[in-house]
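Chemist: Assemble the whole structure, with the sequences as input and the hints as a guide.
There are 4 protein chains.
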Amino acid sequence: MSLDQARTIIHKALESGRALQLKPLSVVVLDAGGHVQAFEREDSAAPGRFAIAHGKAYGAVMLGMAGTAQMARAEAQAYFMAAVNGVYGGQVVPVPGGVLVRDSAGAVIGAVGVTGDTSDNDAIAAMAGIEAAGLQGEI
Amino acid sequence: MSLDQARTIIHKALESGRALQLKPLSVVVLDAGGHVQAFEREDSAAPGRFAIAHGKAYGAVMLGMAGTAQMARAEAQAYFMAAVNGVYGGQVVPVPGGVLVRDSAGAVIGAVGVTGDTSDNDAIAAMAGIEAAGLQGEI
Amino acid sequence: MSLDQARTIIHKALESGRALQLKPLSVVVLDAGGHVQAFEREDSAAPGRFAIAHGKAYGAVMLGMAGTAQMARAEAQAYFMAAVNGVYGGQVVPVPGGVLVRDSAGAVIGAVGVTGDTSDNDAIAAMAGIEAAGLQGEI
Amino acid sequence: MSLDQARTIIHKALESGRALQLKPLSVVVLDAGGHVQAFEREDSAAPGRFAIAHGKAYGAVMLGMAGTAQMARAEAQAYFMAAVNGVYGGQVVPVPGGVLVRDSAGAVIGAVGVTGDTSDNDAIAAMAGIEAAGLQGEI
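In the order they appear, the protein sequences are chains A, B, C and D. Sequential numbering from 1 applies to the first sequence in our numbering. Sequential numbering from 1001 applies to the second sequence in our numbering. Sequential numbering from 2001 applies to the third sequence in our numbering. Sequential numbering from 3001 applies to the fourth sequence in our numbering.
Honestly, the hints are just simulated from the structure, not real lab data. A few of these clues could be false.
[To be verified] SDA-like cross-link-like pairs, simulated, lysine to any residue; straight-line CA separation at most 25 Å: (1) 3023/D x 1007/B; (2) 1023/B x 3023/D; (3) 12/A x 2137/C; (4) 1012/B x 3008/D; (5) 1012/B x 3002/D; (6) 3023/D x 1032/B; (7) 1012/B x 1076/B.
[What the hints assert, rightly or not] Here are the simulated distance ranges between beta carbons: (8) 1072/B x 3131/D: 48 to 58 Å; (9) 43/A x 1076/B: 47 to 57 Å; (10) 2108/C x 3075/D: 30 to 40 Å; (11) 1132/B x 18/A: 33 to 43 Å; (12) 91/A x 2078/C: 27 to 37 Å.
We treat Cβ as the ideally placed atom computed from N, Cα and C, and that holds for glycine.
Modeler: This is how it looks when you write it as structure tokens:
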């Protein structure tokens, strides 16, 4: 994941949020090792949004499992996702809006975390950014 | 648990995973004190798998209770396993794939943690490794 | 601190780093509450640079003291800055490159953290960004 | 960093330790994101050696700075390396034996951490493993 790709993802995700009249969004892009590449928080978003965006994307990279699958697992086995959070220092937010990013061969090259509107709308904005960068997303 | 035994366990668990066409696996071997003896993560496994494998095995050693029994306890009394995680620093992942290892006299000499496929398949791969090393496993 | 201002600060700080042939930089902008507004990490920078950039800027906002003054305090009273880090959860990196941002009336409206080259060069890049945004910096 | 490369590094580092009659060694290999790929601890090594080996390698990856350079920085500015440890959750051990691994183009693809003998001998064993794998090490 290059910085240019990360910028494209963030700018297009935010543009998508404005076009869809979503609430102010915050968008983080993590690399294949779960490390922060870029982040932007729109004006009027709540101050603590970095940690939520990060938590959505971080769990996706570390587990190789996107937010929708994480939520399903949390619904079925809450204690398992609680334990997962224990081993990852409480940094995992298991809901949609954490989107895996794959290259053309299907390898995970990072994740995008979006927060601010409903979890489903957050995921839509993330996908808009990922597709604008010519990459594949898994919500 | 010697390093030779740990290597055998890991290599045979991974071989078993390949033979059964499981997803890429990660395997940790802990000694009788719950300390890491050896670990391997297969190519294409998600980056954060060490912590999950470790959590499965660590709880097994610390509690003297294998993953299946831990999961039963978590299903019946989620708050108890949450409290256990509190006292062990959030390092316990209470699901199958955390397998106790016993010597011929039945004494616990360590534990194996496998993650990557379903919890049940993870436990099958762990048992294949433990048996190949001439030891007894409790899933 | 608006997102537009934060973008200007980051882009101009990175441009300055390229013009001065510094090593790959990472730049974070925090708001007046010490919360992340925006961040970018250049390609080839080490993966863990977010935490260092954040630590430089976070201490500046929380203490109302820029990196140079923090370093002087750490040199004179290492135990004091260690204690400060205790109360702030270990999130403070007390060296230059953590730059306070003030508005035209002198009020602190955030901080910029830059890491990647020497601490002094990091501070120079931060100042280039802050000045390009029409704001005042204190290194 | 593939598992095959990691195995070669570990086995050759341990062989080197035996040839040089070093104390029992523990060797970890981390990938480019600082995540554990493989680890082995020799028989008779102290139980807590995983964390030391990991700490040597983790700091190297996260900072893009090998153990020797970390130690120099810690000697010159102890409070800086203490602060770095704060932002990385206390996981950094800034001494030789944490060796950066680079590919033929010079890009960091991971790190090796060795512990058990003197820090300098640990680094020699790490280099023996890295060179046997056809990679470049920076001590």
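Chemist: Hint by hint, note whether the structure agrees.
Modeler: For each hint, the structure was consulted:
no., hint, in the structure
1, 3023/D x 1007/B, "20 Å, holds"
2, 1023/B x 3023/D, "37 Å, violated"
3, 12/A x 2137/C, "31 Å, violated"
4, 1012/B x 3008/D, "18 Å, holds"
5, 1012/B x 3002/D, "19 Å, holds"
6, 3023/D x 1032/B, "22 Å, holds"
7, 1012/B x 1076/B, "34 Å, violated"
8, 1072/B x 3131/D: 48 to 58 Å, "50 Å, holds"
9, 43/A x 1076/B: 47 to 57 Å, "48 Å, holds"
10, 2108/C x 3075/D: 30 to 40 Å, "34 Å, holds"
11, 1132/B x 18/A: 33 to 43 Å, "59 Å, violated"
12, 91/A x 2078/C: 27 to 37 Å, "30 Å, holds"
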